[in-house]
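A.B. asks: Please model the entire structure based on the sequences and the hints provided.
Protein chains: 4
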Amino acid sequence: MKHQDIPLKSTNQAAIKSEINWPHQKKSCLFLSFDFDAETAWFDERAADSKQLVRMSHGGYGARVGVPKVLELLNHLNLSATFFIPGWVVETYTALCEDILNAGHEIGHHGYYHLKPSITEGQPKSIDSLEQSIEEIDRGFEALERCLGVKPIGYRAPCGENYDLILDYLSQKGIKYSSSWRDDILPYRHVLDSSLDSGNKGLLELPANSAFDDWNHGVMKGSSRNMLTREQVLSIWQDELEQTHAWGGLTTTVFHPQVAGRPSRFMILEQFLKHAQTIEDLWIANGESIFRHLEEQGL
Amino acid sequence: MKHQDIPLKSTNQAAIKSEINWPHQKKSCLFLSFDFDAETAWFDERAADSKQLVRMSHGGYGARVGVPKVLELLNHLNLSATFFIPGWVVETYTALCEDILNAGHEIGHHGYYHLKPSITEGQPKSIDSLEQSIEEIDRGFEALERCLGVKPIGYRAPCGENYDLILDYLSQKGIKYSSSWRDDILPYRHVLDSSLDSGNKGLLELPANSAFDDWNHGVMKGSSRNMLTREQVLSIWQDELEQTHAWGGLTTTVFHPQVAGRPSRFMILEQFLKHAQTIEDLWIANGESIFRHLEEQGL
Amino acid sequence: MKHQDIPLKSTNQAAIKSEINWPHQKKSCLFLSFDFDAETAWFDERAADSKQLVRMSHGGYGARVGVPKVLELLNHLNLSATFFIPGWVVETYTALCEDILNAGHEIGHHGYYHLKPSITEGQPKSIDSLEQSIEEIDRGFEALERCLGVKPIGYRAPCGENYDLILDYLSQKGIKYSSSWRDDILPYRHVLDSSLDSGNKGLLELPANSAFDDWNHGVMKGSSRNMLTREQVLSIWQDELEQTHAWGGLTTTVFHPQVAGRPSRFMILEQFLKHAQTIEDLWIANGESIFRHLEEQGL
Amino acid sequence: MKHQDIPLKSTNQAAIKSEINWPHQKKSCLFLSFDFDAETAWFDERAADSKQLVRMSHGGYGARVGVPKVLELLNHLNLSATFFIPGWVVETYTALCEDILNAGHEIGHHGYYHLKPSITEGQPKSIDSLEQSIEEIDRGFEALERCLGVKPIGYRAPCGENYDLILDYLSQKGIKYSSSWRDDILPYRHVLDSSLDSGNKGLLELPANSAFDDWNHGVMKGSSRNMLTREQVLSIWQDELEQTHAWGGLTTTVFHPQVAGRPSRFMILEQFLKHAQTIEDLWIANGESIFRHLEEQGL
Chain A
1 MKHQDIPLKS TNQAAIKSEI NWPHQKKSCL FLSFDFDAET AWFDERAADS KQLVRMSHGG
61 YGARVGVPKV LELLNHLNLS ATFFIPGWVV ETYTALCEDI LNAGHEIGHH GYYHLKPSIT
121 EGQPKSIDSL EQSIEEIDRG FEALERCLGV KPIGYRAPCG ENYDLILDYL SQKGIKYSSS
181 WRDDILPYRH VLDSSLDSGN KGLLELPANS AFDDWNHGVM KGSSRNMLTR EQVLSIWQDE
241 LEQTHAWGGL TTTVFHPQVA GRPSRFMILE QFLKHAQTIE DLWIANGESI FRHLEEQGL
Chain B
1 MKHQDIPLKS TNQAAIKSEI NWPHQKKSCL FLSFDFDAET AWFDERAADS KQLVRMSHGG
61 YGARVGVPKV LELLNHLNLS ATFFIPGWVV ETYTALCEDI LNAGHEIGHH GYYHLKPSIT
121 EGQPKSIDSL EQSIEEIDRG FEALERCLGV KPIGYRAPCG ENYDLILDYL SQKGIKYSSS
181 WRDDILPYRH VLDSSLDSGN KGLLELPANS AFDDWNHGVM KGSSRNMLTR EQVLSIWQDE
241 LEQTHAWGGL TTTVFHPQVA GRPSRFMILE QFLKHAQTIE DLWIANGESI FRHLEEQGL
Chain C
1 MKHQDIPLKS TNQAAIKSEI NWPHQKKSCL FLSFDFDAET AWFDERAADS KQLVRMSHGG
61 YGARVGVPKV LELLNHLNLS ATFFIPGWVV ETYTALCEDI LNAGHEIGHH GYYHLKPSIT
121 EGQPKSIDSL EQSIEEIDRG FEALERCLGV KPIGYRAPCG ENYDLILDYL SQKGIKYSSS
181 WRDDILPYRH VLDSSLDSGN KGLLELPANS AFDDWNHGVM KGSSRNMLTR EQVLSIWQDE
241 LEQTHAWGGL TTTVFHPQVA GRPSRFMILE QFLKHAQTIE DLWIANGESI FRHLEEQGL
Chain D
1 MKHQDIPLKS TNQAAIKSEI NWPHQKKSCL FLSFDFDAET AWFDERAADS KQLVRMSHGG
61 YGARVGVPKV LELLNHLNLS ATFFIPGWVV ETYTALCEDI LNAGHEIGHH GYYHLKPSIT
121 EGQPKSIDSL EQSIEEIDRG FEALERCLGV KPIGYRAPCG ENYDLILDYL SQKGIKYSSS
181 WRDDILPYRH VLDSSLDSGN KGLLELPANS AFDDWNHGVM KGSSRNMLTR EQVLSIWQDE
241 LEQTHAWGGL TTTVFHPQVA GRPSRFMILE QFLKHAQTIE DLWIANGESI FRHLEEQGL
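Protein chains in written order, with the working numbering: chain A, 1 to 299; chain B, 1 to 299; chain C, 1 to 299; chain D, 1 to 299.
Among the hints, a few may not be true.
Claimed, not checked - Restricting the straight-line Cα-Cα distance to at most 30 Å, the calculated cross-link-like pairs of lysine-lysine (DSSO-like) are:
#	chain 1	residue 1	chain 2	residue 2
1	D	K27	C	K221
2	B	K221	A	K274
3	B	K116	D	K221
4	D	K17	D	K201
5	B	K221	B	K116
6	B	K17	D	K221
7	A	K221	D	K221
8	B	K274	A	K27
9	A	K9	B	K221
10	D	K9	D	K176
11	C	K9	A	K69
12	A	K151	A	K201
13	C	K27	C	K201
14	D	K221	D	K274
15	C	K27	A	K274
16	C	K116	A	K221
17	C	K221	D	K17
18	D	K221	A	K2
19	D	K176	D	K26
20	A	K221	C	K9
21	D	K221	D	K116
22	C	K151	C	K201
23	C	K69	D	K27
24	C	K116	D	K116
25	B	K27	D	K274
26	D	K201	D	K151
27	B	K176	D	K221
28	A	K173	C	K9
29	A	K116	C	K116
30	A	K2	B	K173
Think of the hints as simulated: they come from the structure by calculation, not from any bench.
C.D. replies: If you want it as structure tokens, here you go:
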């Protein structure tokens with residue numbers, strides 16, 4: 001594909017909302033969500049990495065320590081969150097996923113092996129890539145239903161990428177909302193590429209905020225970045241929340257139990273959530289509740 | 001090219017000014033400028049990236065949220081800035097660019113697809129590269145004029161690179177000032193390579209300061225760096241401004257709406273601009289005003 | 001290996017402990033350990049690097065300055081630590097290693113050339129890699145015994161990686177505990193891959209904490225990261241310690257004399273250790289003492 | 001070269017000093033030195049980069065602004081420093097180098113094109129590499145003598161690398177001290193590889209401290225790191241200085257005018273030097289003065 005082939009239109013055709021009426025006279029909304037990736041975050045594209053036991057142990061922390069600690073905290077603070085979980089994790093840590101479900105949290109779709117989706121240029125010339133991406137999605141659905149009886153309505157793109165054809169497929173399979181895009185402070189409804197002609201309604205997008213991806217501030221293995229201090233992370237998160245609140249927007253977290261459940265990061269999570277709860281007109285909710293509200297509003 | 005072929009002269013032959021007389025008895029000058037790149041910042045050299053919708057959404061934020069928020073702030077603070085905008089963005093977000101123009105801001109040339117210019121070694125042996133660079137410039141001019149009726153006099157090099165042959169071409173086409181070099185705290189007039197013999201006058205340079213490129217402190221996607229806190233960015237920016245002011249120099253910002261318009265970054269921008277406005281003998285201006293003043297001064 | 005070959009089980013089959021009874025009514029434990037790598041940290045995979053004298057000098061600092069300064073501090077604070085040392089370092093700096101031993105510290109196994117272990121996929125098809133990994137281990141044992149009369153019971157994986165086959169071999173050769181995994185805040189006993197059928201008991205794991213790897217916060221040569229200030233490192237370390245203490249867990253340091261012995265880093269180390277000593281119910285110990293206690297507890 | 005060929009000896013055979021008697025009852029010493037690289041820092045291995053004018057402008061700042069500002073400050077504080085300058089810079093910016101010399105500063109050897117030296121494995125099998133390294137050194141000497149009448153006695157390795165064969169050659173050509181190694185807090189005398197049998201006395205080493213390389217904390221172009229704030233850099237530098245002072249050691253700076261002369265970095269430099277001058281028993285000196293003193297002491 002050459003530059004001349006880039007169409008002259010915004011890559012996101014969704015209508016821009018000027019404001020959202022949040023429920024209960026709330027001024028803005030905090031969508032509390034976690035990606036429980038466990039080892040899958042570490043074998044991504046290199047399946048052979050799964051033999052490297054210490055490498056894998058960085059992800060395993062999420063299951064051995066992270067999720068139990070996070071569940072305890074959420075229970076203590078009486079908060080309900082969404083956990084996006086790859087199918088492999090659901091099959092491997094089924095009991096833990098049941099704990100998440102039984103504690104009243106929503107479980108969303110997050111692929112199967114946490115593979116980055118891929119697709120050919122507009123028209124599927126190489127069916128292999130699209131096929132593998134579709135297989136990831138199918139196996140994710142299958143694992144969630146068989147192990148947990150869950151038919152997810154929310155989807156977060158593994159490795160943070162997505163395509164029109166995949167959005168369309170997700171819509172066909174019952175997904176109602178996505179939480180992967182980074183281009184807005186308000187929710188919107190995706191407009192699918194008209195050339196697809198599938199007749200599906202676009203998904204609702206609950207856009208995420210990279211500043212709330214705890215991985216970026218606290219993981220050193222495989223990263224070029226420094227670990228930030230608690231003071232630094234809280235400064236960033238409180239600023240993001242305060243300004244988004246002033247704008248009446250949506251703040252979406254992308255927390256990971258394998259990060260947020262580490263000792264010093266846990267202190268940050270706890271302090272941030274307690275801080276958020278002091279903001280009276282902030283609605284803290286999981287994805288399903290937000291989706292239901294927005295649908296009622298006709299978005 | 002071998003090291004032996006590197007000429008024994010400074011790569012910048014422009015005369016060094018010892019001081020500038022700023023207008024209205026001001027001691028130094030703040031050139032307020034933004035690069036409104038939108039998606040083009042993300043497809044650079046890999047056109048196929050434009051199919052990756054989440055990747056693109058990082059840039060799309062600039063159009064959906066960033067520019068409107070920045071315009072509101074500038075209006076509130078009664079400030080006029082320069083927006084350097086690639087042709088593709090002008091064609092794709094024409095209405096938004098009209099808003100920029102109608103709010104009294106200057107629009108500068110910033111390429112078409114935001115491609116890094118390239119050129120062969122001194123003499124154009126491989127005409128392809130130079131030709132593509134020239135085409136980028138021509139299409140940028142054409143889009144600005146057709147969509148907005150703008151004939152730009154300012155140019156900022158996309159991806160921060162430039163060459164003698166391109167400076168010469170820009171001068172032929174009506175560009176009066178450049179704002180891309182990083183080698184001075186005072187403006188200067190470019191001296192073109194004498195071998196070009198084109199008879200054009202060198203452009204005026206309003207050199208930029210990398211510390212004021214907000215991308216460096218606040219973008220994590222595709223970057224190896226951490227996000228800095230508001231306190232950290234303000235510390236750096238206020239120090240840069242204070243020392244440049246003490247030297248009577250020019251402080252040039254390289255802000256991006258897709259960064260500066262993010263919630264926590266917006267707070268930084270607002271606080272920095274309000275701080276700058278408290279410095280009584282600081283002249284805050286856009287590029288055209290600075291150029292006009294310097295030209296009157298005979299630079 | 002393809003993703004389909006990744007087994008559906010946690011890569012760590014060790015039972016999760018809910019709590020540990022630390023000795024003397026202590027609430028949590030700080031395992032104080034250093035990796036004395038000297039030059040080996042810098043020739044890793046590229047033996048030819050050993051000719052680059054300035055590159056090597058970064059590691060040499062550990063021997064010329066780091067270890068003597070650290071030993072002085074530990075003596076002053078009356079603390080006993082574990083030093084994991086590659087065989088090459090033991091042979092090259094034998095007198096210094098004797099000083100470590102004579103000062104009452106434990107010496108653990110850390111490979112020979114500090115090479116990252118490698119192994120083929122499950123079954124050793126390419127015997128070369130496994131053989132070299134085994135040779136590293138054998139030569140490490142041999143150097144420790146010949147030069148220092150030490151038969152180590154602790155092992156830390158050089159370059160932070162390990163495999164089932166190597167854990168099994170270490171167990172056969174007398175190693176009792178490992179301190180390399182990053183997946184828990186409590187010690188546990190490794191469960192070896194049942195397909196190995198070697199009859200060996202799994203090693204006890206004293207999992208480490210990457211936040212306490214001083215390399216990550218203070219080395220710039222060959223690293224993409226910034227050096228953190230004393231205030232930043234102490235903030236992170238005190239938070240990690242405080243939360244792990246609240247959880248009754250194990251805090252394991254991965255300090256390096258070539259880092260911790262640098263002037264500003266030495267101040268951090270000294271302040272951190274003095275801070276730790278003010279926590280009355282914190283047990284600060286070396287690996288052997290912790291292993292003996294846990295074995296008595298039947299872990 | 002394979003790991004088995006790595007000799008079993010420290011890569012630095014120099015005797016370790018336990019203390020140094022600094023002159024005038026001073027407790028420790030600050031070796032104030034700058035690397036004035038200008039554009040050479042940016043064309044290193046890729047000569048063709050010299051055509052990229054904006055890239056080059058990052059280095060050009062050192063000549064247009066950095067050196068004049070630094071000289072003014074040193075004059076104001078009455079301090080004499082050492083400037084290590086590549087031959088290309090001496091030939092290109094001769095008048096500026098004369099200013100440095102006339103202000104009472106020492107000029108040291110820093111290569112010609114600022115190329116990283118290279119050499120074959122122990123014995124020069126591929127003469128090309130060693131020859132080019134020697135040519136770099138010869139041309140550096142020639143430029144310093146012809147343009148400035150300087151016969152340098154100090155050498156700092158360009159791109160921070162050096163080899164036994166090159167140390168030996170430098171000694172033959174009149175160099176008396178090196179300031180490139182990072183393995184000590186006290187000066188020492190190099191012991192040349194005995195296999196060289198050249199009869200030359202090893203150079204005196206004034207080891208440098210990477211924490212005082214301002215490039216690491218303040219350059220973003222071509223770097224993966226963040227810019228640190230003034231507060232952060234001063235925290236690191238004051239800690240390094242305070243602890244080295246407590247140890248009676250040598251603190252060697254590796255400042256660069258193209259960094260230290262940037263507005264916010266200049267404030268850091270000024271504050272650091274003023275702070276250092278408040279420490280009464282700290283000797284601040286250039287390399288030649290330190291060398292003369294140590295030679296008198298018989299080192």
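A.B. asks: Checking one constraint from the list: CA of C/K27 to CA of A/K274, max 30 Å. Satisfied?
C.D. replies: Since the Cα atoms of C/K27 and A/K274 sit roughly 26 Å apart, the hinted pair holds (cutoff 30 Å).
A.B. asks: Mind checking the alpha carbons of C/K69 and D/K27 for me, to see if they're no more than 30 Å apart?
C.D. replies: holds, 18 Å
A.B. asks: Straight-line Cα separation of A/K221 and D/K221 no greater than 30 Å?
C.D. replies: holds, 24 Å
A.B. asks: For D/K221 and D/K274, compute the direct alpha-carbon distance and say whether it is at most 30 Å.
C.D. replies: Holds - the C-alpha atoms of D/K274 and D/K221 are around 29 Å apart, at most 30 Å.
A.B. asks: Below or equal to 30 Å on CA atoms is what counts here, so check A/K2 against B/K173.
C.D. replies: holds, 27 Å
A.B. asks: Can you confirm whether the C-alpha distance between C/K9 and A/K69 stays at or below 30 Å?
C.D. replies: holds, 21 Å
A.B. asks: Would you mind confirming whether the straight-line C-alpha gap from D/K221 to D/K116 stays at or under 30 Å?
C.D. replies: Cα-Cα ~20 Å, so holds.
A.B. asks: Is B/K274 within 30 Å of A/K27, Cα to Cα?
C.D. replies: holds, 26 Å
A.B. asks: Does C/K221 sit within 30 Å of D/K27, going by the straight-line distance between their CA atoms?
C.D. replies: holds, 29 Å
A.B. asks: With a cut-off of 30 Å on the C-alpha distance, tell me whether B/K221 and A/K274 pass.
C.D. replies: holds, 28 Å
A.B. asks: Taking 30 Å as the top limit, are the C-alpha atoms of C/K151 and C/K201 close enough?
C.D. replies: holds, 18 Å
A.B. asks: Does the alpha-carbon distance linking D/K201 and D/K151 stay inside the 30 Å limit?
C.D. replies: Cα-Cα ~18 Å, so holds.
When each numbered hint is compared with the structure, no violation occurs for any of them.
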